[in-house]
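Chains as they are written, first to last, in this note's numbering: chain A, 1 to 137; chain B, 1001 to 1402.
Worth double-checking, as some hints may not be accurate.
To be verified - A few chain B residues that don't get close to chain A, going by computed Cβ distances all over 12 Å:
no. : residue
1   : GLN1131
2   : ASP1134
3   : LEU1259
4   : TRP1290
5   : ASP1383
Unchecked claim - Some, not all, of what chain B presents toward chain A, calculated at C-beta under 10 Å:
no. : residue
6   : TYR1369
7   : LEU1385
8   : ARG1391
Bear in mind the hints are in silico, worked out from the structure with no lab data behind them. Yeah, the Cβ is synthetic: ideal placement off N, Cα and C, and Gly gets one too.
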Amino acid sequence: MPKYLLLKHYRGGPEPHHPFPPMDQWAPEDVEAHMAFLHHVSELLEKNGEFVDGQALTQTQTWVRYGGPDAAPVTTDGTLPETSDLVAGWYMVDVESRDRAIELAAYISSEPGPGGEPLYEWIDVREVMSDAPSHET
Amino acid sequence: MSDQPLDEGALRALVPRVLASLVRRGEDFDAAEDALQEALLEALRVWPESPPRDPRAWLTTVAVRRLVDARRSEAARTRREETTYAEPQPGATEEGDDTLVLLFCCCHPDLSPASQVALTLRAVGGLTTRQIADAFYVPEATMAQRISRAKRALQGRRLDRPGDLAVVLRALYLIYTAGHAGRVDLALEAIRLARQLTLATQEPEARGLLALMLLNHARLPARRDAQGRIVPLDRQDRGRWDTREIAEGVRVLQSALALQTDEQRPGRYQVEAAIAALHDDAACAEETDWPQILCWYDDLIALTADSVHQDPAAVLGRAVAVGHAVGAAAGLRETDRVRDVLGDHHRWHAVRGHLYELAGDLPAAGAAYADAARRATDLAERDHLVRLAARARAGAPRSPNC
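In isolation and in its complexed conformation, chain A is listed as follows (with noise of 0.2 Å):
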């Protein structure tokens, strides 16, 4: 069965379907209710046999290099790092077919927002190459 990865984005991605503001200055009840859903989220795909993992990332993004023999390592927070991707987690499911990956992507996007109205998120689907063992050698 292959395994999808479903990224939630900080930022970046496709236009937003509409603007909506941070969490933090949801109603409560919103609030509420948008954490319900993440939690049933998982919930609903470790019952389903489909949950392999699950992260949630911090917002402090941090881009290193090799800084060259005898030199410290390179850091910077990108050159454009108001508009760039910033990963904000995933979940890793293990699906059947590409297709329920898209449809697991879609029931996460419909999560409620703001007066309860789906977010319409933007949901960034990746499949994870397998790793099949090599019998030839």
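Based on the hints, put chain B in the right spot on chain A.
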């Protein structure tokens, strides 16, 4: 000394005693630990059918046999002369001494804190590598490597001398704070180890650490609601606190403080335990004795010469106490002292949010909580801070709970 098969807890309690006796007779720590692990596996296989009359002696005998086997095969392989080993130390040793010897081994100052923790859980706590890996959410192979590297690092060190108790205490506290979410409750494990340590040493700080753990652990049942959401101290259902644990914590703390003299002031674990005890003692949040908590915080920051840089967390904790005992504005001024040191840390902003809320400035509280949420590194805490920010921005003050 029973014909009943041992339960897991009793079996694990034997681990440090057998291991310590092997180390005492001059065996290499690394090899002795391996041999004991093999003996334990053997025990799990054999004992259900034929339980030993003396489990400790059985484990020691089997482990020694394994050591001899390993040495023989190594000698054969390398064609080296078998070295002579020290005679066993005569006389029975105290169980407490054994624990202490092993803790000093596992918490050798040359090891990294992560290695100290892993080795302590295995060699003193008797947990399997699998259990330790689960507790820290890392693959078993990773934890196995961490443990064997730690043991290799100890090779050739003299392990029969007193070590650094402060390092042991810090490692146990790390185990305590590592969390309770995994399949192994590390907080309970740390309490068990700290209790063993207090049997082995009279040092007041060991008791202070045990008291601190007990007094915080007592509140654990009230710290999350049914949905797993964080419930802050001032909103907790105090009826769910473990009064038995609180009573024990207070008793242990008092016994530690009784050992203090004018020359030897209480150390940081005792001071932090005293603060925890004052929180535990309040029937509701409004009855918290903030002036006395502030006094203990004064003691805490007096323990370091430059508390702003050496112990900024204590300065921040004290700012909360100032906010309640003196006033929110005074508390906020105290947080300014550590702005340069902790300004990137979520807790600094969370404390500011709390103090703004105390001052009745809800917009500022909302902004501070949002800043805190953006910097949080724990998911449950991040969600909690987002909720606080949303609530403050919606203009909903938090109501008292008594």
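Quick rundown of the hints versus the structure:
Once the 12 Å rule is applied to beta carbons, GLN1131 of chain B is consistent with being away from chain A; the minimum gap is 21 Å. Separation of ASP1134 of chain B from chain A is adequate, the least Cβ-Cβ distance of about 15 Å exceeding the 12 Å criterion. Listed as a non-interface residue, LEU1259 of chain B keeps its Cβ farther than 12 Å from every Cβ of chain A; the least gap is roughly 43 Å. Here TRP1290 of chain B stays apart from chain A, with its beta-carbon at least about 28 Å from theirs, past the 12 Å limit.
Interface exclusion of ASP1383 of chain B from chain A breaks down, the closest Cβ pair being 6 Å apart, not more than 12 Å. Given the 10 Å rule on beta carbons, the hint for TYR1369 of chain B holds: about 7 Å separates it from the nearest Cβ of chain A. Annotation: LEU1385 of chain B was flagged as interfacial toward chain A, and the flag holds, the nearest CB pair being 8 Å apart, inside 10 Å. A cut of 10 Å between beta carbons decides the hint on ARG1391 of chain B: the least distance to chain A is about 5 Å, and the hint holds.
Consistency note: the structure conflicts with earlier hint 5 alone.
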